[in-house]
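Colleague: In case you want the letters, here they are:
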Amino acid sequence: MASPDRVSYWNKTRNLMFIMLALWVFFGYVIHMFVGSLNSITFIGFPLGYYMAAQGSLIAFVVMLFVFARKQNSIDEDHGVAED
Amino acid sequence: MATTTSGGGDFTSNLGRIYGIYTGGFIAFIILMAILSAIGVPNRIIGYMFVGFTILIYAVIGILSRTMQIGEYYVAGRRVPAIYNGMATGADWMSGASFVGMAGTLYLLGYDGLAFVLGWTGGYVLVAILVAPYLRKFGAYTVPDFLSARYGGNLARFIGVIVLFSCSFTYVVAQIYATGIISARFLGLDFNVAVYVGLAGILVCSMLGGMRAVTWTQVAQYIVLIIAYLIPAIWMSTVKTGVPIPQLMQGTALANITALETAQGIAVNHVTPFVHGGYNALNYFLLILCLMVGTASLPHVLMRYFTTPSVREARVSVAWSLLFIFILYFTAPAYAAFAKWTMLDLVASGLTPENIADKAGWMMRWAAADNALVQICGKAAVDAAAIAAACTEAGVTSIGFANINLNADMIVLATPEMAGMPYVISGLVAAGGLAAALSTADGLLLAIANALSHDIYYKMIDQNAPTSRRLIVSRILLVLVAILAAYVASTKPGDILAMVSWAFSLAAAGLFPALVLGVWWKRTNSAGAIAGMVAGFAVCLYYLLGTRYGAVGFYEMWSGLSTASAEAVQKFADLKAAWEAAAPDAKAAAWVALDKHAQTIANWWGVKNLSAAAFGLPVGFIVMIVVSMLTKEPSREMQDFIEEIRIPKGKTVMEEKTA
Chain Y
1 MASPDRVSYW NKTRNLMFIM LALWVFFGYV IHMFVGSLNS ITFIGFPLGY
51 YMAAQGSLIA FVVMLFVFAR KQNSIDEDHG VAED
Chain B
1 MATTTSGGGD FTSNLGRIYG IYTGGFIAFI ILMAILSAIG VPNRIIGYMF
51 VGFTILIYAV IGILSRTMQI GEYYVAGRRV PAIYNGMATG ADWMSGASFV
101 GMAGTLYLLG YDGLAFVLGW TGGYVLVAIL VAPYLRKFGA YTVPDFLSAR
151 YGGNLARFIG VIVLFSCSFT YVVAQIYATG IISARFLGLD FNVAVYVGLA
201 GILVCSMLGG MRAVTWTQVA QYIVLIIAYL IPAIWMSTVK TGVPIPQLMQ
251 GTALANITAL ETAQGIAVNH VTPFVHGGYN ALNYFLLILC LMVGTASLPH
301 VLMRYFTTPS VREARVSVAW SLLFIFILYF TAPAYAAFAK WTMLDLVASG
351 LTPENIADKA GWMMRWAAAD NALVQICGKA AVDAAAIAAA CTEAGVTSIG
401 FANINLNADM IVLATPEMAG MPYVISGLVA AGGLAAALST ADGLLLAIAN
451 ALSHDIYYKM IDQNAPTSRR LIVSRILLVL VAILAAYVAS TKPGDILAMV
501 SWAFSLAAAG LFPALVLGVW WKRTNSAGAI AGMVAGFAVC LYYLLGTRYG
551 AVGFYEMWSG LSTASAEAVQ KFADLKAAWE AAAPDAKAAA WVALDKHAQT
601 IANWWGVKNL SAAAFGLPVG FIVMIVVSML TKEPSREMQD FIEEIRIPKG
651 KTVMEEKTA
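If you read the protein sequences in the order shown, they are chains Y and B.
Its first residue numbered 1, the first sequence is counted upward by one per residue in my numbering.
Its first residue numbered 1, the second sequence is counted upward by one per residue in my numbering.
Do not take every clue at face value.
To be verified - Lysine to any residue pairs mimicking SDA-like chemistry, simulated, CA-CA at most 25 Å apart:
{"no.": "1", "chain 1": "B", "residue 1": "Lys240", "chain 2": "Y", "residue 2": "Leu48"}
{"no.": "2", "chain 1": "Y", "residue 1": "Lys12", "chain 2": "B", "residue 2": "Ile625"}
{"no.": "3", "chain 1": "B", "residue 1": "Lys587", "chain 2": "B", "residue 2": "Gln599"}
Hint data in this document are derived by calculation from the structure and do not stem from the laboratory.
Quick caveat: nothing in here was measured; it's all calculated off a predicted structure.
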């Protein structure tokens, strides 16, 4: 079962997972810890810290998921484990 | 297969056209209602038509999608294209509370309410990368199915069913309650009757066709609810700023809110973080965490991804789901901001007890419907005289923003009146709220009934049951659970409604570690998983129940961990002494006062009850890892099984007999 190709497949999949999780932590938590300082910047009329929680992070999540689906699919295809 | 695909192949290739016509038809219907309203058809009739027409459509879809195939009933034949599954998930996900309550919460809590917006969207990142594609490859019918296969046996399955039931049942009661409230308000029915009308609306969608029928009605319900949510927001934005994009113009609204708040002498601004409703930074972030992880563990959401044709489509489908959910959730803060701006403007125009009947008659209508919804100067604002009396007593001559208390749950439903929109919009919003509540109720009921019929009856009681009997049992259980939920809802259980937000913590603590480690860490074995699920769920439940129903005992046991201030501790001691000293007939009242105070200080490190998974989740993970390490590693076959679900290629791991 654990052929070299499978090992490399799973390593790539896992790396992608950790990258996505790191981005998730950043947009879900880290950026909002700086809401106070970000609020002194104005972005299309919003205080930036508020904007990030109301819209910015949400947009990031949506984009992340489409990118993830695409990247994971190309990993699948490179390793010949994609569905027919 | 000839019978399964009858209408199936044709149907899926024509989906775009079918739902395009449907959307056009719905918009034409709204315009027709506007015309009827303009020529003098009474509001009551307009309300009936909005609710009746939309429920009729759902019923027709439900009946057309009836099926006697197991695979169709449980997972819609695994043929739902990613984008439509995304829409169905959107409706499944956005409950009556999201639709009706969220903008209201944002109105009241300002920045701090955004924890809900973030938590209820970011969770989908976890769904996509950690859980959904692997469960799809496994090929389960239910979430406990996976637990049983991965953790060898019916004990894990049974614990999974218990967690599933406890987080889904309270949730479904709240949905039926919401349908009852909306039907009662807009159709003028008695609440007890309205609850059963809502129940009938739910059953026609799900009973005959199971997952297949629920899928296609949820797509239709998504379209109704999103139109109903966007139109009032676009309306307010156009009236206030001239630009019909509320999300973009929210910045302007915020600037105006801040200016008006300052003029009103309100110290705590809408956009100031970590100051509203007891949400300090710690609770804000913990709530986001619990909601996100809970999202990735709620069975009625996860099971939607069992219906896609492939693993690849399951991943794309999560992205579409989030996009469709995002459309509502990034409108909600704008909705709240425009509603707040409208209210602040109203107050700034000089509101007094004398002119309030002319300027804001809607407040009195809502207060008359339910005294708790609108309070001015601390009393129910049922009519001008009551307001005048209350304000005189409070020494208020000009009513300020701070004197008006609006209930979070009425803000979305009342906004059309608040902003002076025609009644058609109110009818539309009611239809949208109903669509949101019905679609979520359908998904939840199916999750519960499937767990009982598939996991308990078929897998644990009678493995030889023929397909036809399994389907009949599923339907009977669905109806029984639905009736039980409607009965509980008809008793107006205040506590149950408060418990809805608990579902996220319970699901997160009870299921998330077992699901994630089951895929990502081969070393997890049955003993570890079972111990971890029980421990995580138990800690979470203990914190939830202890801080709410046993607050006095909880506080006394854990006073060292409580963040109570010195005065609060003293007050507790005083109340306790008063209770001990009270005469027998005054004991009960003294206890209520003591318990009420204890609820505010019974906590570990100041963590709110809502975020109980903050403790349950780490406990679940740690116990699962430690116990797994201390016991034998999983068998060779199990490790091969995990290898198998990690790659998309090949058949689903579990093949059900479907004949």
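Colleague: Evaluate each hint against the coordinates.
Modeller: Each hint tested on the structure:
A C-alpha spacing of about 22 Å is found between Lys240/B and Leu48/Y, which places the hinted pair at or below 25 Å, so the restraint holds. The hinted pair formed by Lys12/Y and Ile625/B meets the criterion: a straight-line CA distance of about 24 Å does not exceed 25 Å. A hinted pair counts as satisfied when its Cα atoms are at most 25 Å apart, and Lys587/B with Gln599/B qualifies at roughly 18 Å.
In the structure shown, no violation is registered for any of the earlier numbered hints.
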